[in-house]
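Participant: For reference, the chains in residue letters:
There are 2 protein chains.
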Amino acid sequence: MLSTMMEPALTITSVMNFAKKNYPNQEIISVTADNPLHRYTYKDAFQRVGKLANALVELGAKPGDVIGTMAWNDYRHLELYYGISCSGMVCHTINPRLFDEQIEYIVEHAEDKFLFVDPLFVTKIEALQDKMPNVLGFIVLTSEDNMPETTLRNVHCYETLIADKSDEFVWPELQESAASALCYTSGTTGNPKGVVYSHRSTVLHSYASSMPDAFAFSRNDVVMPIVPMFHVNGWGIVYSAPMAGAKLVMPGPKMADGKVLTTLINQEKITMSAGVPTVWLALLDYLEQSGESIDSLKRVTVGGAACPLPIFKTFYDKYGVEAEHAWGMTEMSPLGTYNKMSSQDRELPEEEFNQKLLRQGRPIYGVDLRIVNENGDELPWDGTSSGAVQVRGAFVTAGYHKQQADFTPGGWFETGDVAFMDEESRMQITDRTKDIIKSGGEWISSIELENLAMSHPAVAEAAVIGVAHEKWTERPLLVVVRKPDSGLTAQDILKFYQGKVATWWIPTEVAFVVELAHTATGKLDKKTIRQWYQDYQWQD
Amino acid sequence: MLSTMMEPALTITSVMNFAKKNYPNQEIISVTADNPLHRYTYKDAFQRVGKLANALVELGAKPGDVIGTMAWNDYRHLELYYGISCSGMVCHTINPRLFDEQIEYIVEHAEDKFLFVDPLFVTKIEALQDKMPNVLGFIVLTSEDNMPETTLRNVHCYETLIADKSDEFVWPELQESAASALCYTSGTTGNPKGVVYSHRSTVLHSYASSMPDAFAFSRNDVVMPIVPMFHVNGWGIVYSAPMAGAKLVMPGPKMADGKVLTTLINQEKITMSAGVPTVWLALLDYLEQSGESIDSLKRVTVGGAACPLPIFKTFYDKYGVEAEHAWGMTEMSPLGTYNKMSSQDRELPEEEFNQKLLRQGRPIYGVDLRIVNENGDELPWDGTSSGAVQVRGAFVTAGYHKQQADFTPGGWFETGDVAFMDEESRMQITDRTKDIIKSGGEWISSIELENLAMSHPAVAEAAVIGVAHEKWTERPLLVVVRKPDSGLTAQDILKFYQGKVATWWIPTEVAFVVELAHTATGKLDKKTIRQWYQDYQWQD
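Sequence order for the protein chains is A and B.
Take 136 as the starting number for the first sequence in the numbering used here and just add one per residue.
Take 136 as the starting number for the second sequence in the numbering used here and just add one per residue.
Take the hints with a grain of salt, since some may be wrong.
One copy or two, either will do: identical chains are not told apart, so a pair holds if it fits within one copy or between any two.
[To be verified] Taking lysine-lysine pairs in the DSS-like style, the calculated list, with each CA pair at most 25 Å apart, reads:
#1 K606 / K569
#2 K618 / K662
#3 K389 / K433
#4 K156 / K491
For the record, the hints were derived by calculation from the structure and aren't laboratory data.
Since the structure is predicted, the reported quantities are computational estimates derived from the model, not experimental observations.
Next up, chain A with everything else stripped away, as it sits in the complex (with noise of 0.2 Å):
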């Protein structure tokens, strides 16, 4: 039996129009390299996205084409978001922390026809551009006033390229499983590997990342991503918020700057935010400093790293903002799980609270989640049951651009998470599927025998990796960076465990170095530091 209801297209497009129409008067503040604080609204941004699709066309970008752009938070780089991808072609944000050949890599992989730069990119793209062969021209994020000297070749100002463009375009009419963004990830392991959103895919992540239980955007919002728009479509926000009508503030190449965050939260009357642990850490450090507050502040989303408990707790006992943890990643468009507490949550006894809070979270709807054991079966939700974390759904990936898939029957996408799901429907990473170590035909998990060790007072940094033992296949193996004049012994830090954990896990030796490795985005780089210990000879 036929249905009769509409079957319009979810596009990028619908949302640029109804942004548009619906709240035109809506602003958005940027900070740039060439203004600290610019301000227009939804009109004029669409507006200026017409104008951006028609320079594009005249560049002699065609629909289907990757436009990259290696740009920082700001009204330009939105602009981008909706002028290549509501043109039909494919929005490539890449990067610009990523190592030289990873860069090189994925500019040629994608087949980059354009690339539009930021000034403050513009001498690392000068050195590369000689391996970016593809890249027809360069053009610089700012106005013609602010226009460097640059050796990069076919090279125009962004500005001065729309000024005389009419904001009149005809928007093509898209298919919904069109390619609309495209994203690689930062793995350690081999090439950066692509992900390829649709139009659809990015109105159903729209959607579901705005509910309540979520990001709960609404038009009383005052928004600032401070996840960089290079990460997984900023986690999305630039197309979520103006969908909700939410004002957006983004804060360019200032992320990092307790200051500047201060000042445009209390300006700008900011209500929500959303950013990586370390963003966190720098605004709360400038906040003690300064004894500023935040009162127009509601909510902060931590995302991309475990969040530690000290941040929830200064956010919230001292300056009333709920600190919410969410989990997902480049494949998901990204978000998989978001944690709200609720009222009666912050009823419960301190400690019980604390584990809640620290949790992932609940799946979105949309998110098809489970957790498998090494067989690949299914178990159970009862808080204990750890296993690989698997997800589907209608904005995860079912493969990488260019690339056989290789997920496992019923199209489920190996996140490469560890995790138990509490009785609550909580999920709790506990660790890396690669990094876990399997001892005696048990899993320990070398995240928690980290966290340990770092609570230690004299330990400044470490890391548990499992090495090859001829009786328990892997045993853990602590590598601890010491405190500068620390005179922490390995018996020390071993009985420091003693209670903590079960014995079983208690890291067998240690090993004292002075730095570890990290990867490009500042992780622990433990496939480096298995390589060190890779023919590593226990004592006993």
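With chain A held as given, fit chain B onto it using these hints.
Facilitator: This is chain B only, laid out in the frame that chain A set:
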């Protein structure tokens, strides 16, 4: 370029599976004819939905078949919603308040194969069953103990039917555009017209209507839909509440019983409810008389008809409840606009605030709305330009079941409402297209004139219709039912309009009647009233 994203079908089955997996212990509370307080969980519900699906197969129902329901808001009706739609059949909810001939017509037109009937409607259906030759059997929604004596042919008892069935069912992989449900509009002209919802439109409407600026459903909500599930899927709450993991309370046949509603609110800690103004009058009257309170209730949605100011005020001032206006219709799944007031709004001067409070609100994302003049030209959103309201979107119908679509170019659905949009994108309905009075090339709102007349203390009810006029094309005729023993004259009431509307809006003449005509759902039947005066001769 190809996206790499998964494209699972958006289906009601996925809502069911999500709620079952993530919120198994969330409760569903019902009042039924046979149980004043039935209580179970989502897990229980969806296990019984599995049993029902097996029972449907055993009855001989096949994918694509239309299965009718005539029932109140309770857990068995919820089971039918999911069991029928997730089996690939079409759930046809029938409004028991329609005239008998309309019920016969729609059961035949929809080709219902089976009819599930609340015990309270058995007598009604017994009288009609001979006019429903295509219905193969009837199932009474009750247990064996409460099964009434009945002359219904091929009759089953619901509980007996599903009792011995397995709760395991292999749900079919449905196309998202497949028909899921069918609801007939109870228009005043011609036969009822059927709107066939799809799985896709239902999921998208659930997302859109759950957003923070609309129903704002969260896991912590306890939601009581008082809007009947035979009206546009109970405003979709039977889908959107489980999607959010909210607790559901369903008042069964007690929807106009202020005492039962109050008890449910206080006992189940209801936070949100939705219904038509009449329901709220019943609730507020009861509270006034009993002196009881409703402390857990935070917000109510008012739709289906324009809600008078005192309801909003009493809710907020006396009970701290935000009453929120919404607008939609069967053809829109139903939600089109929603009126959320902000804390800034509450700081406005009272008259200005009240004006905004009474508006129907802003379009939700997924609804593209415009107002047009008689030539079809789009009108500005300036707070004064009034025109016909047209909509389109992913949960708007493109036509009616078994009828040729008759929509305007561009695929816009004519809502039949006349409205202006204010500068904050809030819609104010001023009339129905067919009730507007065209005088001297200008439009006069019959509704505004009616509301003014009704605010006169001596008026019991009033209608204003356009009557043909040689010079002005049409002029307004005011038709009044006086309050008993009132000596109200035509001059009195016409004078009452002075200074309240433009002089040329004031009705030309007044007719006094003992009673006005009403539709089956209690609205003014303007079509009939216009027929009374089709040959009316103006005095002048």
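Participant: For each hint, tell me whether it holds in the structure or not.
Facilitator: Here is what the structure says about each hint:
Only within a single protomer do K606 and K569 lie at most 25 Å apart by alpha-carbon distance; the minimum there is 21 Å, versus 86 Å between protomers. For the homomeric pair K618 and K662, the shortest alpha-carbon distance inside one copy (24 Å) is at most 25 Å, but the shortest distance between copies (86 Å) is not. When the C-alpha separation of K389 and K433 is checked against a cutoff of 25 Å, the pair qualifies only within one copy, where the shortest distance is 21 Å, while the shortest distance between copies is 40 Å. Taking the shortest alpha-carbon separations for K156 and K491, only the inter-copy value of 19 Å comes in at or below 25 Å, while the best intra-copy value is 41 Å.
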